[in-house]
Each structure stands twice: as C-alpha cells, then as structure tokens.
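J.: Listed below, chain by chain, are the residues.
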Amino acid sequence: MRAPLIALLAGALFGAGLAVSGMADPAKVRGFLDIFGAWDPTLVFVMGGAIIPMAIAWRLVPKLDRPLLAPKFAIPTKRDLDPRLITGSVLFGIGWGVGGLCPGPALADLAVEPVPAALFVAAMLLGMWLHRFLPSP
Amino acid sequence: MVAGLIGGLMIGLASAIMLLGLGRIAGVSGLAARASSLSADGPPRLIALAFIIGLPVGAALIAAILGPIETNFSPSIATLVIGGLLVGFGTRLGSGCTSGHGVCGMSRMSPRSLVATPVFIGSGMVTVALLNIIGIV
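Top line first, the protein sequences correspond to chains A and B.
Residue 103 in the working numbering sits at position 103 of the first sequence; the count goes up by one each step and never skips.
Residue 81 in the working numbering sits at position 81 of the second sequence; the count goes up by one each step and never skips.
Hints in this document: simulated from the structure, not taken from any laboratory.
For each residue, glycine too, the CB sits at the ideal point set by N, CA and C.
There could be a bad hint or two in this list.
[Said to hold, decoys possible] Chain A side only, calculated, beta carbon under 7 angstroms to chain B, not exhaustive:
{"no.": "1", "residue": "14"}
{"no.": "2", "residue": "19"}
{"no.": "3", "residue": "22"}
{"no.": "4", "residue": "25"}
{"no.": "5", "residue": "57"}
{"no.": "6", "residue": "97"}
{"no.": "7", "residue": "131"}
[Stated by the list, open to error] Sample of chain B residues facing chain A (criterion: CB under 7 angstroms; computed from the structure):
{"no.": "8", "residue": "11"}
{"no.": "9", "residue": "37"}
{"no.": "10", "residue": "40"}
{"no.": "11", "residue": "88"}
{"no.": "12", "residue": "98"}
{"no.": "13", "residue": "102"}
{"no.": "14", "residue": "111"}
{"no.": "15", "residue": "114"}
{"no.": "16", "residue": "127"}
{"no.": "17", "residue": "133"}
{"no.": "18", "residue": "134"}
Build the full structure now, drawing on both the sequences and the hints.
T.: Written out as structure tokens, the structure is:
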C-alpha cells in the first residue's frame with residue numbers, strides 16, 4: 001500500500017505547485033498564450049522550475065537498478081515523430097487556448113471552483129473516450 | 001515570477017518522486033485516462049487514481065494554508081466543453097500534455113516531447129490570438 005500513498009502525496013505536491021504558481025487560474029494561462037496582448041511570462045518560469053528537479057532525476061535513473069518502490073522503470077521508448085503526435089498536440093493546443101486549461105490545473109481546480117472545473121473535466125474525459133474509436137495505427 | 005518558479009519546483013519535485021519512487025512519468029493526461037479506465041497503458045489503476053485525487057487535495061491544502069486561489073474561468077459553457085473535448089482527445093492522440101511532454105519529456109530531451117511542446121504552445125498562442133480577433137473570450 002506504500003506505492004499508492006506515495007502517488008497520492010506526489011499528486012498533492014503537484015496540485016499544490018499548480019496552485020502556488022498561479023497556473024490554476026485559466027486567465028493566467030491564457031495570458032501566457034496571449035503573445036500579441038498583455039503577455040504573462042509566468043508559465044515559462046513554472047515550466048523552467050519544474051524541469052530542474054526532473055533533469056536531475058533523469059540523471060539518477062541510470063544509476064538506479066530499479067525505482068525505490070516499484071519493480072522497474074516504465075519509460076516511454078517511442079522516438080518517431082508520427083502524424084498523431086503532431087495532430088494531437090495541435091488539437092490539445094487549440095483546446096488549451098480555448099479554455100485556458102490543461103489536464104493538471106483542470107483537475108486541481110475541482111477543489112477551487114468545482115462547477116466549471118467539473119464541466120471541463122467531464123468534457124475532457126469524453127474527448128479521451130472518443131479517442132478510443134480511432135482505429136489503431 | 002517567484003511564485004511561478006517555486007510552484008514549478010514543487011511540480012518538478014512531484015514528478016521526480018513519481019519517476020524515482022514509482023518508475024513512472026507524471027503525465028497528467030495519461031494518468032487521468034488510466035485512472036478513469038479509458039486507457040490500459042500506464043501504472044496500476046490505483047496508483048493513477050491516487051495521483052489524480054492528490055491534485056485537488058494539494059490545491060485545497062494551499063487554499064487552506066495561504067488563502068483563496070484566484071481562478072477566472074470562462075463564463076461560457078460552450079468554451080469549457082469545446083476546450084475540454086479538444087484537450088481530452090488531443091492529449092490522447094498526441095500521447096501527452098504540459099506535464100508529460102512539457103516537463104517530463106523536455107527534461108529528458110525526448111525528441112517527441114521537444115517537438116510536441118512547441119507545437120501545442122504555438123497552437124495555443126494562435127488560438128488565443130484568433131479568439132481575440134474574433135472577439136470571443
């Protein structure tokens with residue numbers, strides 16, 4: 001039972017980080033995307049700040065035989081730049097711009113402004129479900 | 001800026017805990033799909049669910065400690081639904097979002113994430129610019 005507890009703590013730290021950074025606010029995220037308007041660079045600092053611990057973590061992975069609480073590392077191996085990666089990222093970006101929300105802040109906001117956040121999350125899960133009807137590549 | 005950097009470091013630390021502790025990528029879209037049984041890929045479902053539940057828990061803790069978190073959602077139901085649908089579908093098709101590609105993949109210099117991240121940021125910027133021109137907020 002230790003692994004789910006660690007995942008819960010990691011999720012809580014992640015959600016807390018979103019709240020502290022200001023990224024829980026859709027208007028602030030749209031401010032970052034609004035380069036021709038009153039551009040808000042905060043997201044650059046958030047992403048930059050998040051990349052620092054992760055860059056260190058990636059350097060530690062080869063030195064470990066296995067993760068501390070799991071039998072093995074499960075790390076994506078795909079390297080090809082297929083049309084799905086590009087199309088999916090374009091569509092995600094459009095949705096991100098429209099709502100000012102990506103999945104993390106939308107889920108964290110369930111505790112902050114439950115009604116609009118739940119509406120967005122429900123639509124997001126519907127979108128994920130619709131993706132299942134796409135034939136496999 | 002400082003709040004963004006601190007929040008970012010917390011997000012990065014949370015992602016590092018997922019990687020070094022559980023051997024998993026802290027990609028919120030993938031974990032949300034796994035937690036809701038919309039995907040068979042990823043960690044055991046309980047791990048994904050625990051992380052996803054942690055997100056609003058962390059935001060609620062910050063609200064309790066530091067005071068209310070500012071959120072400005074679009075008042076339009078259509079905006080939230082269309083945004084959510086595109087984010088859900090797009091992140092599944094493109095195998096990741098801001099956390100999986102933007103933080104975990106970029107810090108690893110994954111070629112797919114190094115392409116996906118500027119694509120969804122660019123797509124989001126174009127979307128916000130177009131919405132501003134049309135006059136839809």
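J.: Check each numbered hint from earlier against the structure, then list the numbers of those it violates in ascending order.
T.: Checked against the structure, the hints that fail are numbers 9, 10, 15, 17 and 18, while the rest are satisfied.
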